[in-house]
Amino acid sequence: QSALTQPASVSGSPGQSITISCTGTSSDIGSNNLVSWYQQHPGKAPKFMIYEVNKRPSGVSNRFSGSKSGNTASLTISGLQGEDEADYYCCSYAGGSYVDSSPLFGGGTKLTVL
Amino acid sequence: QITLKESGPTLVKPTQTLTLTCTFSGFSLSTSAVGVGWIRQPPGKALEWVALIYWNDNIRYTSFLKSRLTITKDTSKNQVVLTMTDMDPVDTATYYCARHKQYTHFDVWGRGTLVTVSS
Numbered sequence: 001q002s003a004l005t006q007p008a009s010v011s012g013s014p015g016q017s018i019t020i021s022c023t024g025t026s027s028d029i030g031s032n033n034l035v036s037w038y039q040q041h042p043g044k045a046p047k048f049m050i051y052e053v054n055k056r057p058s059g060v061s062n063r064f065s066g067s068k069s070g071n072t073a074s075l076t077i078s079g080l081q082g083e084d085e086a087d088y089y090c091c092s093y094a095g096g097s098y099v100d101s102s103p104l105f106g107g108g109t110k111l112t113v114l
Numbered sequence: 001q002i003t004l005k006e007s008g009p010t011l012v013k014p015t016q017t018l019t020l021t022c023t024f025s026g027f028s029l030s031t032s033a034v035g036v037g038w039i040r041q042p043p044g045k046a047l048e049w050v051a052l053i054y055w056n057d058n059i060r061y062t063s064f065l066k067s068r069l070t071i072t073k074d075t076s077k078n079q080v081v082l083t084m085t086d087m088d089p090v091d092t093a094t095y096y097c098a099r100h101k102q103y104t105h106f107d108v109w110g111r112g113t114l115v116t117v118s119s
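In order, the protein sequences belong to chains A and B.
Residues in the first sequence are numbered from 1 upward in steps of one, following our numbering.
Residues in the second sequence are numbered from 1 upward in steps of one, following our numbering.
Bound conformation, chain B alone (with noise of 0.2 Å):
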């Protein structure tokens, strides 16, 4: 069964860094075509594709808040980490991870995680 899980703050302040972590079972990170990606969704408004990293390493962020994000994976550990720098509240959203398979599509979604940017 293949599962993944997002971990991190659910409040984080204006300008401080978030780093959420997602932490998955029944795949490999080093199998060819994976992927782990992130994606997240504001209250009440659409998905919106985040970041992206392969099992070999190939990482695409999307364009309007690349400046901000870095994504990395631990494939010893099952996790692939997201930070996010110079929050705002505009970035209040929930925060899913999602296997990304044969550069096609996001075949298993993790529960999401609501993160909050308020002072």
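If we strip away everything but chain A, and leave its shape as in the complex, we get (with noise of 0.2 Å):
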């Protein structure tokens, strides 16, 4: 199974909005709303930022949102500011029913706040 696909990195201006792609399959992200993604600062573990798509965990800002069409997931974040440059993670499931798929992680990419 192959990693998802995502851009090597993004940038964006303090205040503006960026969007990450996650490119898949139509045996993972199209096949299930399963898409989680993951925000990495340098030297730290991952933080999960958002789950099943579009659902956002206690905690994390409402600037951070979810979305997917066919085999592409998205991750939006308005208002940029300078603590979001980090590294991005998505990652889908595959391979079967719900209790039975695998995890598969995108490429990461790379958001610079200018």
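Calculated directly from the structure, the hints in this document are not laboratory data.
A quick note: this is a predicted structure, and the numbers were derived from the prediction, not measured.
There may be inaccurate statements among the hints.
[What the hints assert, rightly or not] Only pairs whose alpha carbons sit at most 27 Å apart, straight line, appear in this in silico DSSO-like list of lysine-lysine:
| hint | chain 1 | residue 1 | chain 2 | residue 2 |
| --- | --- | --- | --- | --- |
| 1 | B | K66 | B | K101 |
| 2 | B | K13 | B | K101 |
| 3 | B | K77 | B | K5 |
| 4 | A | K44 | A | K55 |
| 5 | B | K5 | B | K101 |
| 6 | B | K13 | B | K45 |
| 7 | B | K66 | B | K77 |
| 8 | A | K55 | A | K110 |
| 9 | B | K5 | B | K45 |
| 10 | B | K5 | B | K66 |
| 11 | A | K44 | B | K101 |
| 12 | A | K47 | B | K77 |
| 13 | A | K47 | B | K5 |
| 14 | B | K77 | B | K101 |
| 15 | A | K47 | B | K13 |
| 16 | A | K68 | A | K55 |
| 17 | A | K47 | A | K110 |
| 18 | A | K44 | A | K110 |
| 19 | B | K101 | A | K55 |
| 20 | B | K101 | B | K45 |
| 21 | B | K45 | A | K47 |
| 22 | A | K110 | A | K68 |
| 23 | B | K73 | A | K44 |
| 24 | A | K44 | B | K5 |
| 25 | B | K77 | B | K45 |
| 26 | B | K101 | A | K68 |
| 27 | A | K68 | B | K13 |
| 28 | A | K47 | B | K73 |
| 29 | A | K44 | B | K45 |
| 30 | A | K68 | A | K47 |
| 31 | B | K13 | B | K66 |
| 32 | B | K73 | B | K13 |
| 33 | B | K77 | A | K110 |
[Claimed, not checked] The following label-pair restraints were derived from C-beta to C-beta distances:
| hint | chain 1 | residue 1 | chain 2 | residue 2 | range |
| --- | --- | --- | --- | --- | --- |
| 34 | A | Q81 | B | R111 | 21 to 27 Å |
| 35 | B | V90 | A | S17 | 17 to 23 Å |
| 36 | A | Q16 | B | D88 | 41 to 47 Å |
By construction, the Cβ of each residue, glycine as well, lies at the ideal position given by its N, Cα and C atoms.
Build the complex: two chains, separate frames, hints provided.
And the structure:
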């Protein structure tokens, strides 16, 4: 199973909005609503930001939102702030039933806040 | 508060077997729809899922490492152990364990442990 495809880098100015795409196939992203997103600052462990495509856990800013269309999922960050500068990873699931599927991560996107 | 912590050797030689332990607190691995997974990250590279064990002993392995992996759990000790045989320098990475919830996401992560494979 190949990794999900993400752009290597995106950038934006403070206050702007950016969108990070995550492209898979009909066997993973296109087959369920199990997309999650993780933020990782340098030298730190990943932090869980979005689950089941567009659900936000408590404590995560509402500036972060997720969506999906077909085989592509997206993470949008509005009102960019310096602290948003980090690597972002998408994750989906493939391989069968809900309880038998396996996780698959994207290649990661480096967000630079200009 | 939910925490997970990885432990194990920081240096292993090629062909040796790696054993990593994830010790967790704040949840039980006997709770329905809860799992613990291992994810690794080679230096400067992307996250890569490795293995997952669920509350009901359902086990998943990434296909390209499956022949080298074993994951087990000890519910009474709140531990999950990952063994990886025949280590190679390309297996050098930070290894994270994380709680997996409702079959949909990894919601709490450990800090990770860097494992270097070198002679």
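Against the structure, the hints come out as follows:
1. K66(B) / K101(B): Roughly 22 Å separates the two Cα atoms, so the pair holds.
2. K13(B) / K101(B): violated, 34 Å
3. K77(B) / K5(B): Holds. K77(B) to K5(B) sits at ~13 Å (cutoff 27 Å).
4. K44(A) / K55(A): holds, 23 Å
5. K5(B) / K101(B): This hinted pair holds, its Cα atoms lying about 17 Å apart.
6. K13(B) / K45(B): holds, 22 Å
7. K66(B) / K77(B): Holds, because 25 Å separates the two Cα atoms, which is no more than 27 Å.
8. K55(A) / K110(A): holds, 22 Å
9. K5(B) / K45(B): With a Cα-Cα distance of about 22 Å, the restraint between K5(B) and K45(B) holds, given a limit of 27 Å.
10. K5(B) / K66(B): holds, 23 Å
11. K44(A) / K101(B): holds, 21 Å
12. K47(A) / K77(B): holds, 26 Å
13. K47(A) / K5(B): holds, 15 Å
14. K77(B) / K101(B): Since the Cα atoms of K77(B) and K101(B) sit roughly 20 Å apart, the hinted pair holds (cutoff 27 Å).
15. K47(A) / K13(B): Roughly 31 Å between the alpha carbons, so the hint for K47(A) and K13(B) is violated.
16. K68(A) / K55(A): Holds, because 12 Å separates the two Cα atoms, which is no more than 27 Å.
17. K47(A) / K110(A): holds, 15 Å
18. K44(A) / K110(A): Holds, at roughly 14 Å.
19. K101(B) / K55(A): holds, 14 Å
20. K101(B) / K45(B): holds, 25 Å
21. K45(B) / K47(A): Holds, at roughly 17 Å.
22. K110(A) / K68(A): Distance of about 20 Å is within 27 Å: holds.
23. K73(B) / K44(A): Cα-Cα ~26 Å, so holds.
24. K44(A) / K5(B): holds, 14 Å
25. K77(B) / K45(B): Answer violated: K77(B) to K45(B) is near 33 Å, above 27 Å.
26. K101(B) / K68(A): Status holds; Cα separation ~21 Å.
27. K68(A) / K13(B): violated, 44 Å
28. K47(A) / K73(B): holds, 24 Å
29. K44(A) / K45(B): Given pair K44(A), K45(B) holds - Cα atoms ~14 Å apart, limit 27 Å.
30. K68(A) / K47(A): Holds, at roughly 20 Å.
31. K13(B) / K66(B): Roughly 20 Å between the alpha carbons, so the hint for K13(B) and K66(B) holds.
32. K73(B) / K13(B): It holds: about 25 Å lies between the C-alpha atoms, which stays within 27 Å.
33. K77(B) / K110(A): Violated. K77(B) to K110(A) sits at ~38 Å, over the 27 Å cutoff.
34. Q81(A) / R111(B): 21 to 27 Å: Cβ of Q81(A) to Cβ of R111(B): about 24 Å, so the range 21 to 27 Å holds.
35. V90(B) / S17(A): 17 to 23 Å: Distance hint for V90(B), S17(A) is violated at roughly 38 Å.
36. Q16(A) / D88(B): 41 to 47 Å: Once the Cβ atoms are compared, 43 Å apart, the range 41 to 47 Å for D88(B) and Q16(A) holds.
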